[in-house]
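Could you put the whole structure together from the sequences, leaning on the hints where they help?
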Amino acid sequence: MDVVIVESPAKAKTINKYLGGNFQVLASYGHVRDLPAKDGSVRPDEDFAMDWEVAKLSQKRLNEIAQAVKKADRVVLATDPDREGEAISWHVLEVLRQKKVIGTKPVSRVVFNAITKKAVLDAMANPRQIDEPLVDAYLARRALDYLVGFTLSPVLWRKLPGARSAGRVQSVALRLVCDREAEIEVFKPQEYWQLSALLATPRGDEFRARLTAFAGDKLQKMSIGDEARATLMRTMLEGATYRVDSIEAKPTRRNPGPPFTTSTLQQAASAKLGFSASRTMQVAQRLYEGIDVGGETVGLITYMRTDGVQIAPEAIESARQAIATTFGPRYVPDKPRFYATKAKNAQEAHEAIRPTEFSRQPKDVERFLDRDQARLYDLIWKRTIASQMSAAEIERTTAEIVAEGDGKTARLRATGSVIKFDGFIGAYVEHRDDSVAPAAGEDDDESARLPEIRSAEDLARRAVDASQHFTEPPPRYSEASLIKKMEELGIGRPSTYAATLQTLEDRDYIVQDKRKLLPQAKGRLVTAFLHNFFERYVEYDFTAGLEEKLDRISAGELAWKDVLREFWLDFSSHVDGTKELRVSNVLDALNVELGPLVFPAREDGTDPRACPRCGEGQLSLKLGKFGAFVGCSNYPDCGFTRQLGTSFSADAAGDDQADGPKELGADPATEEMVTLRSGRFGPYVQRGEGKEAKRSSLPKGWEVADMDLEKALRLLSLPREVGLHPESGKPILAGLGRYGPFLQHDGMYANLETIQDVFEVGLNRAVTVIAEKKEKGGRGRGTPAALATLGEHPDFGGQITVRDGRFGPYVNVGKINATLPKSKDPASVTLAEAIVLLNERAEKTGKGGPAKKAAAKKPAAKKAPAKKAAATDRKAPAKKAAAKAPAKSAAKTAAKKPAKVAASGGDTVPWDAD
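Residue numbers (UniProt numbering): 1 to 914.
Where hints are given, some of them may not hold.
Within a straight-line C-alpha distance of at most 20 Å, the following computed EDC-like cross-link-like pairs (lysine to aspartate or glutamate) qualify [as the list claims (entries may be wrong)]: (1) K56 - D2; (2) K17 - D292; (3) K218 - E400.
Here are the in silico distance ranges between beta carbons for each label pair [claimed, not checked]: (4) K118 - E395: 40 to 46 Å; (5) K188 - D465: 22 to 28 Å; (6) T212 - E191: 16 to 22 Å.
Don't read these hints as lab results, they were simulated from the structure. Since we're looking at a predicted model, the values are computed, not measured. Even for Gly, the Cβ is constructed at its ideal location relative to N, Cα and C.
Given below as structure tokens:
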């Protein structure tokens, strides 16, 4: 019996069917070891010795694997075909050696780019050993991420309260978003005009021509800068005669683009399907690991984390056959197409993302897939097929027209194109790059089709149009365009993009608005801080240079510890140089860098930093428990504060409150003054003064400019008693809470749709809403009803369910609840994903099922020693007990080893992300 070890249970299930009864395929569930989230896990002073800790929830699986290996004749490591997959195999093998179950058993490593029977059997027939340079590159990357995240994050916490973390890739991606926002904020639009004429041939066919030259001057986009000149030209054109000077029809060919890489798949799925990067990868993971198609479990696509654009020769031949069958022989080019990537630092170690079988058309498998899977498979199939199809043949026609009148001559141009042969366009139409703003009139020329126009014939004028335009700032990044930019710069790797963007959202550094990425105030502050005090480490070229060195380690060209030594020498001294940095120094620097945004110029020309309340103090950025805000330097004598909005400018409330609270009138019942104010958390209304004053935030959708005494009193009257419940006799209350408008009855809450419902909902409807919520599993004293049951947990026992709770959807088993990521659709959660979330939650909280509690009685597992290798520089010193280490000064600790921080400080990637 041979034991085959993979990382995913879904992958194990599929492969087990291919290999038969002589093989036992077991899953490690991703990484089984990681660097402990504490001081000293990577020790630069000990030649970068690294401590590895086996995850508590991996102990049971490793014990099961070890028991199986004891009885096995051979061990085959079959994890994913990339750097991270190589690392998982290495970790598993190291643990098995520590458990002394390997002995003299042969151990081999196999890789396959697709989970199909042929690919798996071919790989099993061609085993190799673990690729040491790939493992070295993983160790270097993991150490770099730890050293940056676990050293820089504590500096942020001490010097910039409210900031949560920094990371080697994370912080550079954030800088891209912030830099783009800064470009938009300082952008000054320029006016320009364009003129065109609607003309007609002698046969009555109309078309539009654009003015390109006037009175001998060739016109560029910005040549007509004001209405006066545009009007002058328009007057001339309205009185002119028109004649066709020349007509040229030029055939062109448009070639298809390459098949998908990780980043281009994410971009296309965003543009065409509206998928986020993480959603795209989750769906692609399922297509790769295997789908039951008519009783046969098979991987439908090749490995989905790649920056290569080539596909295997046999796949090209299969694609050409599918093209001939589906579209016809004319759509098959004479020679196969071969592509080379343009991305910086691309490794091209793997094939592009493609279907495993081109004969398996989307319509053939649609009934076996859910909607997301079917749409993504259709996209991948069409893009790959198109990449091997004939070029599209397009005839582009250009008509040059002369206009004469009032002693002046002008020239106009009409362009259009006709598709003579659609070629690859018949399978796949490229999506527009949303990171590039289209030029005015750009689409018109390409999509227009001209009527028959003959040289030297006269044309009739129908109308002349002069249109005003303004230059536009560069568009904000979307997830897709940011990933494209990161790839172009060589920042990060395909496996990290989705996780990096999710981390930025989870940290509240960025927010998505209509699929565009906007930096939050917290993100702008972090970027400004790093730019001022750690500029080199958020430079694009520096980060890309590190990626290039990691690639050279993979190729065996550099020693991984040499790269770490070079990096740590400069980085640690830089961190050490900030030990004397005071928060006041930080604020002074941020006030200067962010001054134009935080303190915009006032219309009356007065000092924008003068306190609008006391007139004596200076406004400055202040740091509090919940982040940054603007406050007066005369505090506590002057308590003026203003929150920071997403774009850093004062919000409407802040502008209205320039002279302090705005009085709305006295409450008739209490005779206390009701005021409109602006606080650090937004605009609010207040009745009275002092600690006992009643306050209420403005609900979403209520504008400061529209607030009056009546509206304020309605808010201050909440919660409102709707009536007594007819069954319980207890009151039903309507109110406005942290998560919006709600009904509350006997400890249970039910959401209302709008704030208006809070004031208008009657007893009958309130009873109905409460009853409906109770049927669905209302939150309160009871447990929410299960939305779906996914299956049994392999460690804890018990069924895993998906539920909707007060703080959003979550998965549950026993007493363990794990919140789903914001981007995750509760309906698409798989058993494997739920297990990972629950395991992580159990490890953090110490909770677990019966199996977990039993395991807790056993002695703690010994920590794994550092990686062994023949080379001297791979022999790490034995781990020293942290408790026995001599005390060091805070300065030395900051400089020499990372401070204790949460594990989220670095660019950590979950097991299923690479």
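Hints and how they fare:
For the hint pairing K56 with D2, the CA-to-CA distance comes to about 27 Å; that exceeds 20 Å, so the pair is violated. For the suggested pair K17 and D292, the alpha carbons sit about 12 Å apart, so the restraint of at most 20 Å is met. Among the hinted pairs, K218 with E400 is consistent with the structure: their alpha-carbon atoms are about 14 Å apart, no more than 20 Å. Checking the proposed 40 to 46 Å range against K118 and E395 shows it holds: the Cβ atoms sit about 44 Å from each other.
Checked against the hint of 22 to 28 Å, the pair K188 and D465 passes, with Cβ atoms roughly 26 Å apart. Evaluation of the 16 to 22 Å hint for T212 and E191 yields a pass: the beta carbon distance comes to about 20 Å.
Hint 1 alone, counting from the list given before, is not met by this structure.
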